[in-house]
Amino acid sequence: MADNPSTMFAFAIGIAARNARGEPLDCYFPAPLKDLEPAVAELVRGHFPAGTSATDGAGAGRFAEALDGAAGDGVAALAAACRRLAAADRPLSVVRLDEDGPIASTEEAYLKLHLLSHRLALPNSLNLDGIFASLPNVAWTSRGPVDIAELPETLVAARLAGEHLEVTGVDKFPRMTNYVVPTGVRIADASRIRLGAYLGEGTTVMHEGFVNFNAGALGPNMIEGRISQGVVVEANSDLGGGSSTMGTLSGGGGIRITIGSHCLIGANAGTGIPLGDRCTIEAGLYITAGTPLEVVDEHGEVVRTVKARELAGASDLLFVRDGRTGRVQCRTNRRAIELNEALHAHN
Amino acid sequence: MADNPSTMFAFAIGIAARNARGEPLDCYFPAPLKDLEPAVAELVRGHFPAGTSATDGAGAGRFAEALDGAAGDGVAALAAACRRLAAADRPLSVVRLDEDGPIASTEEAYLKLHLLSHRLALPNSLNLDGIFASLPNVAWTSRGPVDIAELPETLVAARLAGEHLEVTGVDKFPRMTNYVVPTGVRIADASRIRLGAYLGEGTTVMHEGFVNFNAGALGPNMIEGRISQGVVVEANSDLGGGSSTMGTLSGGGGIRITIGSHCLIGANAGTGIPLGDRCTIEAGLYITAGTPLEVVDEHGEVVRTVKARELAGASDLLFVRDGRTGRVQCRTNRRAIELNEALHAHN
Amino acid sequence: MADNPSTMFAFAIGIAARNARGEPLDCYFPAPLKDLEPAVAELVRGHFPAGTSATDGAGAGRFAEALDGAAGDGVAALAAACRRLAAADRPLSVVRLDEDGPIASTEEAYLKLHLLSHRLALPNSLNLDGIFASLPNVAWTSRGPVDIAELPETLVAARLAGEHLEVTGVDKFPRMTNYVVPTGVRIADASRIRLGAYLGEGTTVMHEGFVNFNAGALGPNMIEGRISQGVVVEANSDLGGGSSTMGTLSGGGGIRITIGSHCLIGANAGTGIPLGDRCTIEAGLYITAGTPLEVVDEHGEVVRTVKARELAGASDLLFVRDGRTGRVQCRTNRRAIELNEALHAHN
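Residue numbers (the working numbering), protein chains in the order written: chain R, 4 to 350; chain D, 4 to 350; chain P, 4 to 350.
Next up, chain R with everything else stripped away, as it sits in the complex:
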């Protein structure tokens, strides 16, 4: 993107909640754009400076008028949102990112999280440097985000007024559904999906499912397990209830986990290695990178013994713990073994 100055990485206009000192606690962008076409990028440059800036309802209204007739993915939605925001009697936040650099403000962090949840960017495709430093730790309440320092007074005031303040979390990341609900998904318990999760069309996340930011399921998927930061589950794969994928932030030892298509990770199972396509881990079995495994062919013959990490990314594998011997086995077929050996010969 930096190579082509006429395009623009991302743009959005939204509303931030603010603490008593006027600092942003979050930012809601109803219709963010990514990879703007030159004509739209030009319009944006004519109205707003690079980086994070402020405008008001009138500014949003003028920009909506300017967008009239412009073409491009999401442009009509942005224009409609700006027409609504023209009614604002409070400051509006504008983020114009000419390229995908490190995150420099709370609003920029929220824009990138919105891009992921709006399916405008895949997990692991954005520059998220600085995200933790840019996101304030916030009390998420039934009245919206509240500065943690202001919370005790807010709690007392609510009680004195006979009202109830529900504090649903204290975290740097909010729940996705308060900002973005992508089409064609079901989310049984929204408290388990962080803003910045990517849920593809046809994804169902059951109550025990969890999806971190910068992680997700490409859809369609049935997710009843935990998708850690950085992990991607490809189409038609299921995570069973309580199953675990090791993340890059903790436990995974630097290996990025991907689950290929048509995989099944059984209930209460888990993986510390990436899986190719059509792999199954039986319920209750946790495969870590260092797990010693017997590779067994379709005739039941033990072909070799490996550490699980040597099978990282391979397809057509069935992982079980043999109930008669307690050994962990990787059952597969001769073709998969040969493909896998060829693959690793070129590493």
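Worth flagging that the hints you see were computed from the coordinates, not collected in a lab.
The beta-carbon is built from N, C-alpha and C at its ideal position, and this holds for glycine as well.
Warning: the hint list may mix true and false statements.
Unchecked claim - If you want the ones that stay clear, here's a sample from chain R, every Cβ over 12 angstroms from chain D, calculated:
id	residue
1	Pro41
2	Asp103
3	Asn336
As the list claims (entries may be wrong) - Listed next, the stretches of chain P that the computed footprint assigns to chain R, with coverage defined by at least 3 CB atoms under 8 angstroms from CB atoms of chain R:
id	region
4	141 to 152
5	278 to 290
As the list claims (entries may be wrong) - Pulled from the structure, derived: some chain R residues nowhere near chain D, Cβ distances all over 12 angstroms:
id	residue
6	Ala19
7	Glu45
8	Thr58
9	Leu95
10	Thr144
11	Ile196
12	Val208
13	Glu237
14	Glu285
15	His302
16	Ala315
Given chain R's structure and the hints, the job is docking chains D and P onto it.
Showing chains D and P alone in chain R's frame:
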């Protein structure tokens, strides 16, 4: 029921939330009836047509008067509810089901889910054909159900007004406690209990517990694990933290799981076979239908080796993985083995 | 404390929610005190009787004036809270506990839970006798606590008014964050932390984490697993996603679990024995007190075979299930073995 035209399968009058087009998003029935006695059924027939229909506050008030003096389980509660609903200034929903046929409307689906959670019907006892098609996928919010297509505009409007809209889920099924709170239960986290769950008197569901619709615990029970769709846990059995029961919708391979009485499924354990009474699965062990097991008698002798499915429904079994051999064992006593063999001899 | 009549165990003034009969459903104490210095204790005795009593805004205001100039931990915060409570137009609740006796009222139970979550008392350090009997089972709703008997009518009234009542739980214990948010913590899903949890500075509890009352993490910690009642996790230890600690209320067989410092319990793993420092349990492995283990030294030699309970509280242990043999091993070094043997020789 169809055999006796003077009785009636179920009846309720309630309030639906509706989208901008007037379509129902849910329906709340404060006092549903099941298996109505002939006199009450006759009164219902005199006021309301078969199937799903509409009335208003006046209609509810007239029906309350008609119920005056009628006898039967739940009739007084229904009359009281109708007297309250007489104050309604919005349309009311009526569902009269002469028999337990396939589900034909959103309101009918909600009535059957209410019957389960009101303990008027046991799991697996109702005709739920068509339930997924009849339930719209809805955004569940702090303002009640919202049509998903109307959600983005609702989110923007709330922000512009300086208000907060919490979206707690996007699902076909709502949380039970917003509709029904049965007596004598504790539910630590209501987001984990779907409407249509059956929680018997004396049931505690801890934070890690989960109960799907058409599933439940007969009570008293301590539930810290997951009760999948179709699964029933009988009295005095405990599901340990994070334990798993395979459902009929996914993973269970068509076997319907029941957990008998006085069973204990340990923390992080799981079962893919039904258990009889007084069975224990040790913490962390997952038994699937295909798990090979050594059956060991009270003298420590291995009696035989079986697949777990051969023990489906048997009582007095203790499932452990032997730490010295890694083998999965089913420890039991001679009497239980003989009973079990006799049982299966007649299969 | 009983030895020194001039001091006082605990004191607080707060606001209770009440049912239609005026009985308390909960009690919120904005600034509780513990171990009051004699001068402050004397002031309290001058204003309020021992045990649970009532006052009003004027009483709180007079006490705030009396506190002017008094010194001691938390006294300034208490004075500030009392100045705010002086505006109350509803009854206020006062709890003065001269010593740490059994719990005699709902307000006393709430005060002790507040002391734990305010980090004024460590788990297992308070007399909690009578807590279950003193805590009413309550419907926790978006309007605050509601008496369960009053809930059905409240639900109907909300529907008739076109409003939404969210019932988030039905339990004796509420969520901590609606009462106390300690400094320096992150709590991804507040529904998983009960009032009475102790979260030390620097503790992050992720979505899958759970902390019961009278249990906690001394901080800093990363908690993605379940901390059962009575369990304490010491500094710099991590509980992996879905990991389990056996509690004293269920499953633990009377052993109180402590996790020492610099431990790691892997995802979906669990422990039924206390751990010393620098111990690791690999992902997916559940150690119960009765698990037979091979103790293996740093040369891979099996030193002896024990039940896990014999290693309770020992340090520098790595627990794994050998993938080649299915045996559970405790890998350690000669020094740790010798220390451990010496330790147990003195038991």
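Status of the hints after comparison with the structure:
For Pro41/R, the shortest C-beta to C-beta distance to chain D comes to about 27 angstroms, beyond the 12 angstroms cut-off, and the non-interface label holds. Asp103/R, annotated as away from the interface, keeps every beta carbon of chain D farther than 12 angstroms; the closest lies near 25 angstroms. No beta-carbon of chain D is positioned within 12 angstroms of the beta-carbon of Asn336/R; the least distance is around 19 angstroms. As drawn, the region 141 to 152 of chain P meets chain R at 4 residues by the rule of a beta-carbon pair under 8 angstroms; at three or more, the given contact holds.
With 4 residues having a Cβ less than 8 angstroms from any Cβ of chain R, the region 278 to 290 of chain P passes the three-residue criterion, so the hint holds. Remark: the non-interface label on Ala19/R conflicts with the geometry, its nearest Cβ contact in chain D lying 9 angstroms away (cut-off 12 angstroms). No Cβ of chain D comes within 12 angstroms of the Cβ of Glu45/R; the nearest lies about 26 angstroms off, and the non-interface call holds. At roughly 14 angstroms from the closest C-beta of chain D, the C-beta of Thr58/R stays outside 12 angstroms, upholding its exclusion from the interface.
Look at Leu95/R: its CB is around 10 angstroms from the nearest CB on chain D, not clear of 12 angstroms, so calling it non-interface is violated. For Thr144/R, the condition that its CB be more than 12 angstroms from all CB atoms of chain D is violated, with the nearest at approximately 8 angstroms. The Cβ of Ile196/R does not lie farther than 12 angstroms from every Cβ of chain D; its closest approach is about 9 angstroms, which violates its non-interface assignment. In this structure Val208/R is not separated from chain D by more than 12 angstroms, as the shortest Cβ-Cβ distance comes to only about 9 angstroms.
Distance check on Glu237/R: its Cβ is at least 18 angstroms (rounded) from any Cβ of chain D, clearing the 12 angstroms threshold; non-interface status holds. A cut-off of 12 angstroms between C-beta atoms contradicts the statement that Glu285/R is not in contact with chain D; the least separation is 7 angstroms. Consistency note on His302/R: stated as away from chain D, and its beta-carbon is indeed over 12 angstroms from all of that chain's, at 19 angstroms minimum. Here Ala315/R stays apart from chain D, with its beta-carbon at least about 24 angstroms from theirs, past the 12 angstroms limit.
Taken one by one, the earlier hints fail for this structure at numbers 6, 9, 10, 11, 12, 14, listed in ascending order.
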